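A.B. asks: What follows is the residue order along each chain.
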Amino acid sequence: MAPDTGTAEASPPTRGGELAADTPDAVLGGRSRPPQPLRDKDTWARALRKDWRLYTFLILPIIYLLIFRYTPMAGNVVAFRRFRPGSSMFGDEWVGLYYFQAFIQDPKFWEVFLNTVILGALTLIVVFPLPIVLALMLNELRSRRFKKFAQTITYLPHFMSMVIVAGFVFELTAVNGTINQVVSGLGNDPIPFMQKAEWFRQIYVSSEIWQTVGFGTILYLAALTTIDDQLYEAARIDGANRWQQTWHITLPGIRPTIVVLLILNIGTFMAVGFEKVLLLYNPLTYPTADVIATYLYRVGINSGSFSYAAAIGLFEAVIGLVLVLSANLIAKRTVGASLW
Amino acid sequence: MVTTDVVPDISRVRDVPRTVKDTASYRVFRVVNVTVLVIVCAVTLYPFVNLAAKAFSSQGYIMAGQVNLWPRGFNLTTLDWLAHQERFWTGYGNTIIQTVGGTTIAMVLTTTMAYALAKKHLKGRGIVIGMVVVTMFFNGGLIPNYLLITNLGFKNTVWAIIVPNAISAFNLLVMKAFFENFPAELEEAAAIDGMTTYGIFFRIVLPLSKAVIATMILFYAVFFWNSWFPAMLYLSDADLQPVTLYLRNLLAGASGAGREAGMEEVQIGSNLKAVTMLLTVVPIIAVYPFVQKYFVTGVMLGSVKG
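Those sequence lines, one after another, are chains U and Y. For reference, each letter of the first sequence is one residue, going 39 to 378 in the numbering used here. For reference, each letter of the second sequence is one residue, going 1195 to 1500 in the numbering used here.
Derived from the structure by calculation, the hints contain no laboratory data. Keep in mind the model is a prediction, meaning the values are calculated, not measured. The C-beta atom is built at its ideal place from N, Cα and C for all residues, glycine as well. Keep in mind that a hint or two might mislead.
Claimed, not checked - Straight-line distance between alpha carbons at most 30 Å, and here's what the computed DSS-like set of lysine-lysine pairs gives: (1) U:Lys234 <-> U:Lys185; (2) Y:Lys1313 <-> Y:Lys1404; (3) U:Lys314 <-> Y:Lys1404; (4) U:Lys88 <-> Y:Lys1404; (5) U:Lys88 <-> Y:Lys1314; (6) Y:Lys1404 <-> U:Lys186; (7) Y:Lys1487 <-> Y:Lys1313; (8) Y:Lys1487 <-> U:Lys314; (9) Y:Lys1404 <-> Y:Lys1317; (10) U:Lys186 <-> Y:Lys1313; (11) U:Lys314 <-> U:Lys146; (12) U:Lys88 <-> Y:Lys1317; (13) Y:Lys1404 <-> U:Lys185.
Unchecked claim - Short, incomplete list of chain U residues facing chain Y, as computed with Cβ under 8 Å: (14) Ala85; (15) Leu98; (16) Pro195; (17) Leu257; (18) Leu334; (19) Ala348; (20) Leu367.
Take the sequences, apply the hints, and build the full model.
C.D. replies: The following block contains the structure:
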């Protein structure tokens, strides 16, 4: 037994006797002085001695996090310092907000900023509600086998590499692809969709729907299973029809899930599918397709203006953070559900 | 075996008492509902079917816009040609190496870290968990990461792909939650028998956690298998590039050439592109039906605790 001095006073007399035998000082000291705080013995030295094997499990992961997660975070300081090739990755001359001002005055600023906001907003407005609808539809099925089948099929695109998804988009929108066959069938000329800036957003959003909606139902379906069947029974007895049951029981039942996922989605609002845009766009579609992340990529990686590109990235990250914090706050105030 | 039974069965259909008759409008709704879902499934599958049809069609029919659901002008020469392309198989080999290597490193770090952090009495646990959670909301961003990897000398080495993505905070928290629910009596009994933490972890905990380990392996493996962008950033040496990047270069090259040389050029490689894509997706489609349930379980485990 390893007695703690702090608990000695509160111990029943019999245990006090034990303690006295073990560590007489503890009891004597406990009488004459205020009780020593627990942490007197709960020190790091003691924790390390007791759990050193567990701590060895943490050594590599912590080193990993420090190098590959926290060093890049600190590395953002390069946005405030001029980077010279061959010099420190943190830059070597303080220039303050110079690169941020340069970005805001960049002729491309408004184009990439608006494209980012528009693509983000379209994704949020069009794509976000669809998994809820699909989950509700799946929930009305009475055949377990068909439900399983539909789930298996609709989850599949989630597992495709972004390159494959882009390949599908190129194939389907090609001049002789399926979509253009429909266009020609209706008596119109084929449209080179991928070369037309005015089609980029529709194509982007459609491919997002194809790729994400099925897998997005999982959390809603999980939430749906937690709704108590007795609620539906009670509603039926009260004469509620299926629509009323959906409206008054099902939707409120999954509301917390909706809110949490909405906040998370707003958080990624600015980080619109960078990889997808990078694969799908080309100079002809820049006017609608070029987003902050792709511009940053060209400025930084292609042109080597690392400090400037880092400033653009930080600008985007700060907006994203502000968005998720405000969404969380609004959700907390209005519907009482939030991430933290 | 300790299972992941805590997650609900989302394929379950709700029991509706047979005594309750549906109203006429609800019967109509059910027919519409099933029809729409069948259409959704068809639309989801269509790109795959179209891809297979194009892969086995002759280029002439594809260019004439006559290939949709079924191959026309049956053609295996492209498949044969690609099957003899060394570059393609090098890419495949690299994909496998990077998937196995990346998943192994990630699993070692994630499992050990999750196990240690699942011990509620561990001093300093809160700080380390905080360190992990922060990485869910902040990351260094493209440029600082690029500079770091370059400075470490990882460029044109496989390390640039398999090391920087080793710990996913989401996966870590899922595993931690799983280990926290691991029956403490088993570990205590082993400790009384004189086993050390290492013995308990390797001989008691890991063998009983196969379900969650399989799930995590799949999450990481799919990530590495599908990844292409880090390879484009860091691997300019074609002998190291994964098959996804091979495919990406094929797609980009063809459409880039098409812009300069007019519309017709875009389609030259359509059959070849289809064959390459097909060979890239076939392994995933082949294993997908068997592993799908693990992903669903994993996502839900994450939501329970996340």
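A.B. asks: Check whether the Cα positions of Lys186 of chain U and Lys1313 of chain Y lie no farther apart than 30 Å.
C.D. replies: violated (37 Å)
A.B. asks: Quick check on the hint: Leu367 of chain U CB to chain Y CB, less than 8 Å?
C.D. replies: Since the shortest Cβ distance to chain Y is 15 Å, the answer is violated.
A.B. asks: For a C-alpha distance cap of 30 Å, please report whether Lys1487 of chain Y and Lys1313 of chain Y respect it.
C.D. replies: holds (28 Å)
A.B. asks: With a cut-off of 8 Å on the beta carbons, see whether Pro195 of chain U makes it to chain Y.
C.D. replies: holds (6 Å)
A.B. asks: Is the hinted pair Lys1313 of chain Y and Lys1404 of chain Y satisfied, with a Cα-Cα distance of at most 30 Å?
C.D. replies: Within the cut-off at roughly 19 Å; holds.
A.B. asks: Under 8 Å is the threshold here; is the Cβ of Ala85 of chain U close enough to any Cβ of chain Y for the hint to stand?
C.D. replies: Holds: closest Cβ of chain Y sits about 4 Å from Ala85 of chain U, inside 8 Å.
A.B. asks: Are the Cα positions of Lys1404 of chain Y and Lys186 of chain U separated by 30 Å at most?
C.D. replies: holds (24 Å)
A.B. asks: Hey, does the Leu257 of chain U contact hint survive, CB to chain Y under 8 Å?
C.D. replies: holds (5 Å)
A.B. asks: Are Lys1404 of chain Y and Lys1317 of chain Y close enough, with their CA atoms no more than 30 Å apart?
C.D. replies: Judged against 30 Å, a Cα distance of about 28 Å means the pair holds.
A.B. asks: Verify the proposed pairing of Lys1487 of chain Y with Lys314 of chain U, using a straight-line Cα cut of 30 Å.
C.D. replies: Holds. Lys1487 of chain Y to Lys314 of chain U sits at ~27 Å (cutoff 30 Å).
A.B. asks: Does Ala348 of chain U pass the interface hint, meaning its C-beta sits closer than 8 Å to a C-beta of chain Y?
C.D. replies: holds (4 Å)
A.B. asks: Does the structure keep Lys1404 of chain Y and Lys185 of chain U at a Cα separation of 30 Å or less?
C.D. replies: Holds - the C-alpha atoms of Lys185 of chain U and Lys1404 of chain Y are around 27 Å apart, at most 30 Å.
Violated hints for the displayed structure, listed by number in ascending order: 1, 3, 10, 20.
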